[in-house]
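2 protein chains.
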Amino acid sequence: MLLGSIEAGGTKFVCAVGNEDYRVLEKATFPTTDPKTTFAQVIDFFKKFNDLAALSIASFGPIEIQKNNTRYGYITETPKKGWSNTDFVDPIKKALNIPVFFTTDVNGSAYGEYVLAQLFNEKIQSLVYLTIGTGIGGGAIIDGKIVGSQGHTEMGHVRVKRHPDDLDFEGLCPFHHDCLEGLASGPTFEARLGIKGQDVPKDHPIWDIVSYYVAQAAIQQTMILRPDNLVFGGGVVSEPFLEKVRRDFAQLNNQYVQVPDLTTYIRMPRAKDNGSATLGNFALAFHELGK
Amino acid sequence: MLLGSIEAGGTKFVCAVGNEDYRVLEKATFPTTDPKTTFAQVIDFFKKFNDLAALSIASFGPIEIQKNNTRYGYITETPKKGWSNTDFVDPIKKALNIPVFFTTDVNGSAYGEYVLAQLFNEKIQSLVYLTIGTGIGGGAIIDGKIVGSQGHTEMGHVRVKRHPDDLDFEGLCPFHHDCLEGLASGPTFEARLGIKGQDVPKDHPIWDIVSYYVAQAAIQQTMILRPDNLVFGGGVVSEPFLEKVRRDFAQLNNQYVQVPDLTTYIRMPRAKDNGSATLGNFALAFHELGK
Numbered sequence: 022m023l024l025g026s027i028e029a030g031g032t033k034f035v036c037a038v039g040n041e042d043y044r045v046l047e048k049a050t051f052p053t054t055d056p057k058t059t060f061a062q063v064i065d066f067f068k069k070f071n072d073l074a075a076l077s078i079a080s081f082g083p084i085e086i087q088k089n090n091t092r093y094g095y096i097t098e099t100p101k102k103g104w105s106n107t108d109f110v111d112p113i114k115k116a117l118n119i120p121v122f123f124t125t126d127v128n129g130s131a132y133g134e135y136v137l138a139q140l141f142n143e144k145i146q147s148l149v150y151l152t153i154g155t156g157i158g159g160g161a162i163i164d165g166k167i168v169g170s171q172g173h174t175e176m177g178h179v180r181v182k183r184h185p186d187d188l189d190f191e192g193l194c195p196f197h198h199d200c201l202e203g204l205a206s207g208p209t210f211e212a213r214l215g216i217k218g219q220d221v222p223k224d225h226p227i228w229d230i231v232s233y234y235v236a237q238a239a240i241q242q243t244m245i246l247r248p249d250n251l252v253f254g255g256g257v258v259s260e261p262f263l264e265k266v267r268r269d270f271a272q273l274n275n276q277y278v279q280v281p282d283l284t285t286y287i288r289m290p291r292a293k294d295n296g297s298a299t300l301g302n303f304a305l306a307f308h309e310l311g312k
Numbered sequence: 022m023l024l025g026s027i028e029a030g031g032t033k034f035v036c037a038v039g040n041e042d043y044r045v046l047e048k049a050t051f052p053t054t055d056p057k058t059t060f061a062q063v064i065d066f067f068k069k070f071n072d073l074a075a076l077s078i079a080s081f082g083p084i085e086i087q088k089n090n091t092r093y094g095y096i097t098e099t100p101k102k103g104w105s106n107t108d109f110v111d112p113i114k115k116a117l118n119i120p121v122f123f124t125t126d127v128n129g130s131a132y133g134e135y136v137l138a139q140l141f142n143e144k145i146q147s148l149v150y151l152t153i154g155t156g157i158g159g160g161a162i163i164d165g166k167i168v169g170s171q172g173h174t175e176m177g178h179v180r181v182k183r184h185p186d187d188l189d190f191e192g193l194c195p196f197h198h199d200c201l202e203g204l205a206s207g208p209t210f211e212a213r214l215g216i217k218g219q220d221v222p223k224d225h226p227i228w229d230i231v232s233y234y235v236a237q238a239a240i241q242q243t244m245i246l247r248p249d250n251l252v253f254g255g256g257v258v259s260e261p262f263l264e265k266v267r268r269d270f271a272q273l274n275n276q277y278v279q280v281p282d283l284t285t286y287i288r289m290p291r292a293k294d295n296g297s298a299t300l301g302n303f304a305l306a307f308h309e310l311g312k
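Keeping their order, the protein sequence lines are chains B and Y. According to this note's numbering, the stretch in the first sequence is residues 22 to 312, in order. According to this note's numbering, the stretch in the second sequence is residues 22 to 312, in order.
It is possible that part of the hints are untrue.
To be verified - Covered stretches of chain Y, as calculated for chain B (at least 3 residues, CB under 8 Å):
no., segment
1, 176-184
2, 279-288
Stated by the list, open to error - Derived Cβ-Cβ restraints for the label pairs, each shown as a range:
no., chain 1, residue 1, chain 2, residue 2, range
3, B, Pro281, Y, Glu211, 34 to 44 Å
4, B, His308, Y, Lys33, 39 to 49 Å
5, Y, Lys217, B, Pro281, 38 to 48 Å
6, Y, Lys166, B, Gln87, 15 to 25 Å
7, Y, Glu191, B, Asp229, 14 to 24 Å
8, B, Pro185, Y, Pro195, 13 to 23 Å
9, Y, Pro56, B, Leu214, 50 to 60 Å
10, Y, Gln219, B, His308, 27 to 37 Å
11, B, Gln87, Y, Thr54, 43 to 53 Å
12, B, Glu41, Y, Leu188, 50 to 60 Å
13, B, Glu260, Y, Asn142, 49 to 59 Å
14, Y, Thr50, B, Phe141, 41 to 51 Å
By construction, these hints were calculated from the structure, which means they are not laboratory data. Note that the Cβ used here is the ideal one computed from N, Cα and C, for glycine as well.
Kindly produce the complete structure, drawing on both the sequences and the hints.
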C-alpha cells in the first residue's frame, strides 16, 4: 500500500509517494503555474502508482476545509494570481479515485512534527507549528487532532505590541498592516532596510525587533493553548534567531507560567529537508483511509 | 445520585449540590478566609448529602492540574494571602471519599457554557470563555475536552498592541505590566481615572480603549483556535460593552477570516446568575465518575 502527499506552495508543488512507514519512495516537484497545468502534472505523477491507497494535500491558502461548506476543497480568496476560487480536491479525487484529505500547509507540517515526536517516543499531546517566511502561518495539534472548528487557524494575523525601535514601520499586511505577518514575515526585512532578508547580517538590530514579535506570538500560543512544543519553520528561522526568541519569551513570560526547558520547548522542525508536511500528509492520508 | 460543585473564588466559595440533570438542589456560600476554616465549612456542607457521588472544583489560581506533578491538586503561587501552596483536592477527597475533578474557575465556566450549548442543541465543537473582572482569565473547550496539556491556560497574560490614547498607562500586572490583564481588568479603570469601574459612565472614552484590547484578545483566540463561540463573563462585561468589542473585532479582522454572525459569536454567558461554573462542575463531576 502506498500513500501520497501534495505539498502545494505558491512557488512549487512537492509531490511524494511513501510507504506505510512514511518513508518517501519517490518525489517530484512542479512549478505552481495555473491550476489546469499544475494539476495535470500532479495527476500524471500519481497515476504511475497503482498501489496508491490515499492521498493528503497540504495547501497554501486560504482554503475551505469545512466539509459542510459548498466550497469544501477549494483554494478561496488567495492573492496568488489565477488560483482564487479553485477547486483543488475534486479534480484530484476524480482523476485518482482514492480518499483525499485536505488541509493547510502549516497543518500538514504541524501534523508531521507531531507524528515525528510520537515516533521519537516523546510523550507530547499537543504542538504548534509556526512558519515564518513570505507569510506567517501556524497550525496546532491537540491529542492527534488538527485544531480549528470554524476553519483553519490563521496564526500570522494576530496583533502584537510594537517594538519601541519599530514604531515608524507601517507593516506589510494588506489586510491588517501591523499584524504579526505584517511586521515579522520575510519581506519586512527588505521593506525596512532595502536589503533582502537572507543578506541581512546576523548581528543587525532588526533581528531583535523581529524576535520580539515572534516571542509575543509564542507567548500568545502558550497562554491560549499551553501546548507541549512550539515548532518554528520557514526561511526567517534559524537556530541563532530562535535563541533570540527564547530570550525574549523568557523576558515576556517573566517566570509567570511554567514551560519546559526553552531549548526543547521552542525549537526547529525535526523533519529533515523541510519534510514535515510530507510526513504529515502520509499520516493524514493513512488516517483518511481508516475512516 | 447527586453531584457536587465548588466554585472557589478569592472572595467566596460557592458550593452546590445538583442532580443528574445538572439542576441545583442546594447551594451555600462561604467567605474565603484561611484554607482550614473554609475547607471545614465546605466539607460540612457536602457531608449532609449521603448520595453525593462525585464532585468538581473550579478554583482561582494559579493551580496545578497536571496529574503527574507532585503538587497536583494544589493552589500554587497565588497573591491571595494564606493560600499559596495549599493542597485543595486531597483534604476534600479524604473527607468525602468520592472522585474529585480539579480545574480552574474559567475552565469550569467554559465547560458549563459548552454543556449548555449542547443542551440548547447548538452544534458547537469548541468555545472560549474569557472572564474580565478583578483579573482576566480564559479557558477553552474543544470537542468536550479542556485545552491545555502543559497546565491550564492563562489567556489574560498575552501582550496587545497599545491604544494610541493609552500610551501613558503603565498597566497593573505585577508580572507583565501591560499585558491584557494589566490593561483591561476591572482595577485598571480606577487606576486610570480614580473612579471605580462600576461608577464610570457608559459613554466614557475609556470603554473604547478597553474594548480595543479585549477585541485583540478575541482576534488572538480566533486566529489561534478558530472556535465556534467566544463567551465573555465577569464584572467588566455588559451587552453594551460587547457591542464595542464586536465593532473593534470587525475592524481588526477586516473581513480576513470568516466568523459566525458577531452577535452570536461574541456573546455573554448563557447560564443565569453566574451559574456557568456550577453547571460545568456538575458535568465534570459526572464525567469523573465515569472514568
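Going down the list of hints, with the structure as the test:
1. 176-184: Check passed, 8 qualifying residues.
2. 279-288: holds (count 3)
3. Pro281(B) / Glu211(Y): 34 to 44 Å: holds (38 Å)
4. His308(B) / Lys33(Y): 39 to 49 Å: holds (47 Å)
5. Lys217(Y) / Pro281(B): 38 to 48 Å: Between lysine 217(Y) and proline 281(B), where Cβ atoms are some 41 Å apart, the hint holds.
6. Lys166(Y) / Gln87(B): 15 to 25 Å: With a Cβ separation near 20 Å, lysine 166(Y) and glutamine 87(B) satisfy 15 to 25 Å, so the hint holds.
7. Glu191(Y) / Asp229(B): 14 to 24 Å: Cβ of glutamate 191(Y) to Cβ of aspartate 229(B): about 22 Å, so the range 14 to 24 Å holds.
8. Pro185(B) / Pro195(Y): 13 to 23 Å: Given a distance of about 22 Å, which is inside 13 to 23 Å, the answer is holds.
9. Pro56(Y) / Leu214(B): 50 to 60 Å: Between proline 56(Y) and leucine 214(B), where Cβ atoms are some 57 Å apart, the hint holds.
10. Gln219(Y) / His308(B): 27 to 37 Å: Violated, at about 52 Å.
11. Gln87(B) / Thr54(Y): 43 to 53 Å: holds (50 Å)
12. Glu41(B) / Leu188(Y): 50 to 60 Å: holds (58 Å)
13. Glu260(B) / Asn142(Y): 49 to 59 Å: holds (51 Å)
14. Thr50(Y) / Phe141(B): 41 to 51 Å: With a Cβ separation near 50 Å, threonine 50(Y) and phenylalanine 141(B) satisfy 41 to 51 Å, so the hint holds.
Of the numbered hints given earlier, the model fails hint 10 alone.
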